[in-house]
Amino acid sequence: MGTVSSMKLIDENGIRIDGRSKGELRPIKIETDVIERADGSAFIEWGGNKIIVAVYGPREAYPKHTQDIEKAQVKARYNMAAFSVDERKRPGPDRRSMEISKVISEALSSAVMVEQFPRAQIDVYIEVLQADAGTRIAGLTAASVALAAAGVPMRDMVVGCTAGKVDGQIVLDLCKEEDNFGQADLPMAIMARTGEVVLMQMDGDLTMEEFDEATGLIMDATKRINEIQREALAGKYRTLTLSRGGE
Amino acid sequence: MAESKQIVLPGDLIDPSLGKPRNGVFKCGDKQYCSQYFGIVQVSDQGVDVVPFSGPYYPRKGDKVIGKIIEVGPSMWTVDINSPYYTLLHMNDTPWRTTSGDIRKYLGPGDHIYAKVMTLNEIRESWLTLKDVGLRKLEGGHIVGIPAPKVPRIIGRGGSMVNMIKDATSTRIVVGQNGLIWIDGSPENVMMAIRAIKLVEREAHTTGLTDRMEKYLKELKEEK
Numbered sequence: 001m002g003t004v005s006s007m008k009l010i011d012e013n014g015i016r017i018d019g020r021s022k023g024e025l026r027p028i029k030i031e032t033d034v035i036e037r038a039d040g041s042a043f044i045e046w047g048g049n050k051i052i053v054a055v056y057g058p059r060e061a062y063p064k065h066t067q068d069i070e071k072a073q074v075k076a077r078y079n080m081a082a083f084s085v086d087e088r089k090r091p092g093p094d095r096r097s098m099e100i101s102k103v104i105s106e107a108l109s110s111a112v113m114v115e116q117f118p119r120a121q122i123d124v125y126i127e128v129l130q131a132d133a134g135t136r137i138a139g140l141t142a143a144s145v146a147l148a149a150a151g152v153p154m155r156d157m158v159v160g161c162t163a164g165k166v167d168g169q170i171v172l173d174l175c176k177e178e179d180n181f182g183q184a185d186l187p188m189a190i191m192a193r194t195g196e197v198v199l200m201q202m203d204g205d206l207t208m209e210e211f212d213e214a215t216g217l218i219m220d221a222t223k224r225i226n227e228i229q230r231e232a233l234a235g236k237y238r239t240l241t242l243s244r245g246g247e
Numbered sequence: 001m002a003e004s005k006q007i008v009l010p011g012d013l014i015d016p017s018l019g020k021p022r023n024g025v026f027k028c029g030d031k032q033y034c035s036q037y038f039g040i041v042q043v044s045d046q047g048v049d050v051v052p053f054s055g056p057y058y059p060r061k062g063d064k065v066i067g068k069i070i071e072v073g074p075s076m077w078t079v080d081i082n083s084p085y086y087t088l089l090h091m092n093d094t095p096w097r098t099t100s101g102d103i104r105k106y107l108g109p110g111d112h113i114y115a116k117v118m119t120l121n122e123i124r125e126s127w128l129t130l131k132d133v134g135l136r137k138l139e140g141g142h143i144v145g146i147p148a149p150k151v152p153r154i155i156g157r158g159g160s161m162v163n164m165i166k167d168a169t170s171t172r173i174v175v176g177q178n179g180l181i182w183i184d185g186s187p188e189n190v191m192m193a194i195r196a197i198k199l200v201e202r203e204a205h206t207t208g209l210t211d212r213m214e215k216y217l218k219e220l221k222e223e224k
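These protein sequence lines map, in sequence, to chains A and B.
Residue 127 in the working numbering is what sits at position 127 of the first sequence, and the numbering runs on without skipping anything.
Residue 178 in the working numbering is what sits at position 178 of the second sequence, and the numbering runs on without skipping anything.
One chain only, chain A, in its complex shape (with noise of 0.2 Å):
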């Protein structure tokens, strides 16, 4: 954002740079049980982020000191590698990895029904291998796939997106020019059948109608999200079943 620039991010049509229009979404692609070991994982593939999350647990909270004695702690840690973007990442946690590890933890926390596990430990690891904006919510849409895969009781599926202000029109969701030539970015994540939000951030500034119409986006939009979820996981299950036949 405030990076100011001659580049032309919409054309006359309301084509956006990528030739989407304004609601449209990038492709996403979202697979469950990538990862053997883990007790649950997903990887997905949102436009250009390629981002793979495994989650272990619920397990005894280590160190010690860390164990709630009413509910367990949800631990995500969003991590990007070095060779995600394109001038190199220097490795290990910085601010803004910590910032967002902190935000999706709280965002999870309050789908996952912590307090059936005491003194326990959820451990979520979101591994950025691409990134192309809107990473946060990507992670988190597929971490919310990946605590189902693991059996993680859960009051509902988190899940997110963004919406952001691109030559002074309101779109959904940003791609990386947008993103950075753009003057605003919001990504938000709810809980699909409640709707309730578990995250919200912005960068920029909308005016309250701009504020309205994007988060008016955003609601629409993660219902088409949520079926993509719903496909993820059930999805095996269902043609497992047909090809042995039901009842």
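Since the hints were made in silico from the structure, they are not lab data.
Among the hints, erroneous ones may be present.
Cross-link-like lysine to any residue pairs, in silico, SDA-like; alpha carbons within 25 Å at most [claimed, not checked]:
id, chain 1, residue 1, chain 2, residue 2
1, B, Lys218, B, Lys116
2, A, Lys102, A, Asp11
3, A, Lys71, B, Tyr58
4, A, Lys236, B, Arg97
Here are the computed distance ranges between Cβ atoms for each label pair [to be verified]:
id, chain 1, residue 1, chain 2, residue 2, range
5, B, Leu18, A, Thr194, 29 to 35 Å
6, A, Glu99, B, Thr207, 46 to 52 Å
7, A, Asp212, B, Leu18, 36 to 42 Å
8, A, Thr194, B, Thr99, 54 to 60 Å
9, A, Tyr62, B, Thr207, 38 to 44 Å
10, A, Lys29, B, Asp184, 41 to 47 Å
11, B, Lys198, A, Pro63, 32 to 38 Å
12, B, Met191, A, Gly19, 52 to 58 Å
13, B, Ile155, A, Gly19, 34 to 40 Å
14, B, Lys61, A, Glu106, 47 to 53 Å
15, A, Ala82, B, Thr99, 42 to 48 Å
16, B, Ile155, A, Pro63, 36 to 42 Å
17, A, Gly19, B, Gly110, 45 to 51 Å
From the derived model, a few chain B residues whose C-beta atoms are all more than 10 Å from chain A [said to hold, decoys possible]:
id, residue
18, Ile7
19, Asn92
20, Thr119
21, Glu122
22, Ile123
23, Arg124
24, Lys166
25, Val174
26, Lys198
27, His205
28, Lys215
Virtual Cβ for every residue (Gly too), placed ideally from N, Cα, C.
Keeping the supplied structure of chain A fixed, place chain B upon it in accordance with the hints.
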């Protein structure tokens, strides 16, 4: 061909007209019930359950489980029973005449036991006992693991499935409620039993499984 069982995700509404909501279902609003797992809906005379496809084992009092000794203390063993929490076995809860300090000669790290969950408290600490019929140290044999929610399918109605596998492969099998299974026999027979168990695991959510397994085991036997 009737339709297969309904697959649900966390947060999916469960039709309250199916029956009384039981395991895996939680109240999510006024007279509304939702699934808390990714699994299948199972309707029985007692009510509606959501059985997850995978997930850890939660100890319940009286369950007979297979555990692995991971640590030996002066008077207690720490046992891993494939659940989120470790469990403890005190030397007084064993059939042996033990004295504090030398309990390692009865059970050492890496040994497997077939034990019963004796007590359980609110913060999910649990204790095992070996003082009951059939409970013992498991010597020799092979351990395989399956997700705990699939154990009922391995056992089958009244033990039909596991007995079928035992007879067909001429092995000794002990199934723990926690998803660990001990198999003893000749190496080929053990491998055969493992293959049969993995098949049940993979197709646990389908119906008419016992009949298909019967056919599969017959084929395996002929191969031999």
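The hints, checked one at a time:
1. B:Lys218 <-> B:Lys116: violated (34 Å)
2. A:Lys102 <-> A:Asp11: Violated: Lys102 of chain A and Asp11 of chain A sit about 38 Å apart, past 25 Å.
3. A:Lys71 <-> B:Tyr58: Status holds; Cα separation ~15 Å.
4. A:Lys236 <-> B:Arg97: Measuring from Cα to Cα gives roughly 53 Å; hence the hint is violated.
5. B:Leu18 <-> A:Thr194: 29 to 35 Å: violated (22 Å)
6. A:Glu99 <-> B:Thr207: 46 to 52 Å: Since the Cβ atoms of Glu99 of chain A and Thr207 of chain B sit about 48 Å apart, the hinted range of 46 to 52 Å holds.
7. A:Asp212 <-> B:Leu18: 36 to 42 Å: holds (39 Å)
8. A:Thr194 <-> B:Thr99: 54 to 60 Å: At roughly 58 Å between Cβ atoms, Thr99 of chain B and Thr194 of chain A fall inside 54 to 60 Å, so the hint holds.
9. A:Tyr62 <-> B:Thr207: 38 to 44 Å: For Tyr62 of chain A and Thr207 of chain B the Cβ distance comes to about 42 Å; the hint holds.
10. A:Lys29 <-> B:Asp184: 41 to 47 Å: Distance hint for Lys29 of chain A, Asp184 of chain B holds at roughly 45 Å.
11. B:Lys198 <-> A:Pro63: 32 to 38 Å: Check passed, 37 Å falls within 32 to 38 Å.
12. B:Met191 <-> A:Gly19: 52 to 58 Å: holds (54 Å)
13. B:Ile155 <-> A:Gly19: 34 to 40 Å: violated (56 Å)
14. B:Lys61 <-> A:Glu106: 47 to 53 Å: violated (35 Å)
15. A:Ala82 <-> B:Thr99: 42 to 48 Å: violated (57 Å)
16. B:Ile155 <-> A:Pro63: 36 to 42 Å: 39 Å Cβ-Cβ, so the 36 to 42 Å window holds.
17. A:Gly19 <-> B:Gly110: 45 to 51 Å: Check failed, 60 Å falls outside 45 to 51 Å.
18. Ile7: The claim is violated: Ile7 of chain B sits with its nearest Cβ about 4 Å from chain A, within 10 Å.
19. Asn92: Consistent with the label, Asn92 of chain B stays out of reach of chain A, its closest Cβ about 25 Å off (over 10 Å).
20. Thr119: holds (16 Å)
21. Glu122: violated (8 Å)
22. Ile123: violated (5 Å)
23. Arg124: violated (6 Å)
24. Lys166: holds (24 Å)
25. Val174: The assertion about Val174 of chain B holds, with a minimum of 24 Å to chain A.
26. Lys198: The claim holds: Lys198 of chain B sits with its nearest Cβ about 14 Å from chain A, beyond 10 Å.
27. His205: violated (6 Å)
28. Lys215: holds (13 Å)
The earlier numbered hints that this structure contradicts are 1, 2, 4, 5, 13, 14, 15, 17, 18, 21, 22, 23 and 27.
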